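As they're listed, the protein sequences go chains A and B. Those letters in the first sequence? Residues -16 to 101, per our numbering, in order. Those letters in the second sequence? Residues -7 to 103, per our numbering, in order.
None of these hints come from the bench; they were simulated from the model. These numbers were taken from a predicted model, which means no experiment stands behind them. For glycine and all other residues, C-beta sits at the position ideal for the given N, C-alpha and C. Among the clues, some could well be false.
[As the list claims (entries may be wrong)] Chain B stretches covered by chain A per the calculated footprint, using a threshold of three residues with CB under 8 Å from any CB of chain A:
(1) 66 to 74
(2) 90 to 100
[What the hints assert, rightly or not] Calculated cross-link-like contacts (lysine to any residue; reagent style SDA-like; alpha-carbon spacing at most 25 Å):
(3) A:K13 - B:N83
(4) B:K(-5) - B:N46
(5) B:K44 - A:E89
(6) B:K95 - A:F47
(7) B:K98 - B:T(-3)
(8) B:K98 - A:G39
(9) B:K95 - A:G25
(10) A:K35 - A:T99
(11) B:K95 - A:T(-3)
(12) B:K98 - A:G25
(13) B:K95 - A:Q20
(14) B:K(-5) - B:N45
(15) B:K44 - A:K35
(16) B:K98 - A:Q27
(17) B:K95 - A:E89
(18) B:K98 - A:V79
(19) A:K(-4) - A:R50
(20) B:K95 - A:P94
(21) B:K(-5) - A:E58
(22) B:K98 - A:K35
(23) B:K(-5) - A:T99
(24) B:K(-5) - A:H(-7)
(25) B:K102 - B:K(-5)
(26) B:K98 - A:F47
(27) B:K95 - A:K35
(28) B:K98 - B:G21
(29) B:K98 - A:L71
(30) B:K(-5) - A:R50
(31) A:K(-4) - B:N45
(32) B:K61 - B:K102
(33) A:K35 - B:Y84
(34) B:K102 - B:T18
(35) B:K95 - A:T99
(36) B:K(-5) - A:L71
(37) B:K98 - A:P94
(38) B:K102 - A:Q24
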Amino acid sequence: DAGVTQSPTHLIKTRGQQVTLRCSPISGHKSVSWYQQVLGQGPQFIFQYYEKEERGRGNFPDRFSARQFPNYSSELNVNALLLGDSALYLCASSSVYGTSGRIIYEQFFGPGTRLTVL
Amino acid sequence: DAKTTQPPSMDCAEGRAANLPCNHSTISGNEYVYWYRQIHSQGPQYIIHGLKNNETNEMASLIITEDRKSSTLILPHATLRDTAVYYCIVNYGGSQGNLIFGKGTKLSVKP
Chain A
-16 DAGVTQSPTH
-6 LIKTRGQQVT
4 LRCSPISGHK
14 SVSWYQQVLG
24 QGPQFIFQYY
34 EKEERGRGNF
44 PDRFSARQFP
54 NYSSELNVNA
64 LLLGDSALYL
74 CASSSVYGTS
84 GRIIYEQFFG
94 PGTRLTVL
Chain B
-7 DAKTTQPPSM
3 DCAEGRAANL
13 PCNHSTISGN
23 EYVYWYRQIH
33 SQGPQYIIHG
43 LKNNETNEMA
53 SLIITEDRKS
63 STLILPHATL
73 RDTAVYYCIV
83 NYGGSQGNLI
93 FGKGTKLSVK
103 P
């Protein structure tokens, strides 16, 4: 089965531009979370969406927004890019229950999108 | 902020057990301890989690102290491919909640 996929892999933008990052969760997963990872730091939580509704938001400015589509894929948008937005953006998907009915606790991460802002 | 404290780095000889400690003195009764690792330039990977009992799976063992204020992740026979940053995370429900990552422990497995 395919894991979490993200596109694009790499992206270069200039300050003030806008960017859209995309994530496709594992089939059957209804929850998608977004994280930002600056070089040398652990990932920082940005958003969580479950069943197309925002269920959590981290400490990020309003320039960051996201949405989840009926097929559970998700987009992260960042407006008015700053140099400090340069980071690896990670998407993670999860499901409450596995196919056997077992409660699932882990989140599954994609490879990330490397955003460079010049 | 992360609710865990980990050493910034550790070394381990290939084939030996790697024991990674984590302090979480403010953990509450319904919070789990999770371990994830991140190999260079990849997304984090789930390893194991536990509430109060020790746990073991095909990747690792998790030992949680009786007072739940600290835990140890054990990789029984470390290989070079286990070189990664290991994150200890306290969370009430990892599949639905957000994960609060700290800086983790950089484990270097040496031949």
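Decide if the proposed pair is consistent with the structure: B:K98 and A:G39, CA atoms, cutoff 25 Å inclusive. violated (29 Å)
Distance restraint between B:K98 and A:G25, which requires alpha-carbon spacing of 25 Å or less: Cα-Cα ~11 Å, so holds.
Need the status of pair B:K61, B:K102: alpha-carbon distance at most 25 Å? Violated - the C-alpha atoms of B:K102 and B:K61 are around 30 Å apart, more than 25 Å.
Hey, B:K(-5) versus B:N45, does the alpha-carbon distance stay inside 25 Å? Within the cut-off at roughly 20 Å; holds.
Tell me if the straight-line CA distance from A:K(-4) to A:R50 falls inside 25 Å. OK: A:K(-4) and A:R50 at ~21 Å, within 25 Å.
Could you grab the alpha-carbon distance between B:K102 and B:T18 and see if it respects the 25 Å cut-off? violated (34 Å)
B:K95 and A:F47 were given as a pair; does the straight-line alpha-carbon distance stay at or below 25 Å? Within the cut-off at roughly 23 Å; holds.
Decide if the proposed pair is consistent with the structure: B:K(-5) and A:H(-7), CA atoms, cutoff 25 Å inclusive. Violated, at about 32 Å.
Under the criterion that the straight-line Cα-Cα distance not exceed 25 Å, is the pair B:K(-5), A:L71 satisfied? Given pair B:K(-5), A:L71 holds - Cα atoms ~23 Å apart, limit 25 Å.
Does A:F47 sit within 25 Å of B:K98, going by the straight-line distance between their CA atoms? violated (30 Å)
Hint check: B:K98 vs A:L71, CA-CA at most 25 Å. Holds or violated? holds (18 Å)
Within 25 Å, alpha carbon to alpha carbon, are B:K95 and A:T(-3)? violated (28 Å)
Comparing the model with each earlier hint shows violations of hints 1, 8, 10, 11, 15, 18, 21, 22, 23, 24, 25, 26, 27, 28, 30, 31, 32 and 34; every other hint is respected.
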